[in-house]
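Chemist: What follows is each chain in one-letter form.
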Amino acid sequence: MAGPTFVAEAPEALSQIPLESLTALYHAASGTTHLLAPPAPQILAALAGRPGTAEDVLARIAESFDLEAEDAAAAMSARLAELEAAGLVRRA
Amino acid sequence: MRHRLDLKIGPVSFRIGSAWPQPIAQLAALYAPYPKPDGIADFTVRLEPEKPWRRLIRPSVAIHGDYTLPDAAPLPLAQGLLAAEMGMNLQMALGQKRFLLLHAGTVERGGRALLLTGHSGAGKSTLAAMLGEAGWRFLGDEFALLDPATGLIHPFPRAISLKNQSLALFDNAAPDRLGPVLKGTPKGTIRHLRPPADAIARMAEPARPALILFPRFNRDFEPETRPVGAAETFVRLTQASTNYVALGRPGFDALTRLVTATPSFAIDYRSGAEAAALIDTLWSKTA
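Protein sequence lines, in the order shown, are assigned to chains B and Z.
For the first sequence, my numbering gives the first residue as 3, with consecutive numbering after it.
For the second sequence, my numbering gives the first residue as -4, with consecutive numbering after it.
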C-alpha cells in the first residue's frame, strides 16, 4: 500500500550550510533554523518541488544514501513524519 | 528629562536621561573621553522614579527607554549608574537590528578578533578586560557586534562591569578610570572600569574574527583545551545571541559564515594567568 505523498520546498526557499556531518538549514517561510542529520537533507533534496511517497524517496536517494535499517520503508515513513512535524515537508 | 547625557560607543549612540543628577554625573565621569553622537541617537534610556514621589522619598530608579521590560525591578538611587548601564544593554538586546549581537567579550590583535563567549560567570568579561590591559585592543566585554554585510566584528567598548572577586584584579588601574563601588546589587558588588585609551580612540575600527573561545573558570579543573566543532559552535552562538531570530536570513548567513571560517575551542582554566597562557598558545597556532 502506498503511504501519503509528501513534497518539500523548492531549494531556493531554503538556505543550507553543511557544518561537519550536520546541515544548518534556514527555512525562510517560518523564519526557523534547523540542524539536520542525515538522511534529512537527502530527503528534502529528493522531495524538492517533486512530490513522492516513502518508497519514491527511498528509490530517489538509494544511489547516494544507504538507509541502514531492517525495514527501510518504515524508517523512511518515520523520518518523513518527523520532517512533516518540523514543517519542512507537507502532504502533496 | 532634567538631566541628560549623549554618548557614542562604537557604532551605536545613546541618549540617556535621568530624573536625578547623580547617575548622569557618574556616567559623564566614566565616559569622559567618549565622543558625542553625530546626529540623532539610536537609542534612548530614561531613568525615572517608579512613582512620582519616589524621586525624593526613598528614590527608586526604574529603567525606561525605547525598549522596556515590564517586570524589571527598580534599583536604589545609589545604583543609578548600574541602572543606566543595564538600560543601555536592554536597548541593544531588544532593539539592535543592524548587527548580530553575540554575548561575548572581544579583543583584537593585528586586525584580527578573538571572541570569548559562554555562560554568565564563565569569565569572558574579566578575561577580555585582562587581555585589554596586556597588549590586546579591547573591543568589548558584553556584546560582540557582527556585521552581517561584512562579517567583521565592530567594537562596542562600553565601561567594563567588574563583579565581586574581579574588582581586586584592577586595583592598579588609574583612579579616574574606575566608577564607584556599587554594593548589594542584584549581581553582587560591581565596579565599572573605563576601557584603555586605545580602545576608545580606535572604536570605529572593526576587526576580522579569527578565533572563538568558550572559556570556563573553575579552580578544580585541570587546564585543558578542546576543539569545538562548527555545528556545536553554531548552536552555542545562537543561544549566546539576543537577536539571532529577529535578524532572520541575514543572521543565519552571518553566523554560518562565522562558524565555518573561524576555529573554535573550549578552555578550562584556574586563574587569569593560566587562561592568558592557553589563549596565547591557541592564538599563535590558529589565528
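Source of the hints: derived by calculation from the structure; they are not laboratory data.
Note that the coordinates shown come from a computational prediction; the quantities given were computed from them, not determined experimentally.
Among the clues, some could well be false.
To be verified - Chain B regions said to be covered by chain Z (calculated; three or more residues, Cβ under 8 Å):
id: 1; stretch: 40 to 53
id: 2; stretch: 83 to 89
To be verified - Short derived list, chain Z residues pointing at chain B, Cβ under 10 Å:
id: 3; residue: His114
id: 4; residue: Leu164
id: 5; residue: Asp166
id: 6; residue: Gly224
id: 7; residue: Gly243
id: 8; residue: Arg244
id: 9; residue: Val254
id: 10; residue: Pro258
id: 11; residue: Ser279
id: 12; residue: Lys280
No residue lacks a Cβ here, since even glycine has one placed at the ideal position from N, Cα and C.
Chemist: Against this structure, judge whether each hint is valid.
Modeler: Consistency of the hints with the structure:
{"no.": "1", "hint": "40 to 53", "in the structure": "violated (count 0)"}
{"no.": "2", "hint": "83 to 89", "in the structure": "violated (count 0)"}
{"no.": "3", "hint": "His114", "in the structure": "20 Å, violated"}
{"no.": "4", "hint": "Leu164", "in the structure": "37 Å, violated"}
{"no.": "5", "hint": "Asp166", "in the structure": "44 Å, violated"}
{"no.": "6", "hint": "Gly224", "in the structure": "5 Å, holds"}
{"no.": "7", "hint": "Gly243", "in the structure": "5 Å, holds"}
{"no.": "8", "hint": "Arg244", "in the structure": "6 Å, holds"}
{"no.": "9", "hint": "Val254", "in the structure": "7 Å, holds"}
{"no.": "10", "hint": "Pro258", "in the structure": "13 Å, violated"}
{"no.": "11", "hint": "Ser279", "in the structure": "25 Å, violated"}
{"no.": "12", "hint": "Lys280", "in the structure": "20 Å, violated"}
In summary, the structure is inconsistent with hints 1, 2, 3, 4, 5, 10, 11 and 12 from the numbered list given earlier, while agreeing with the others.
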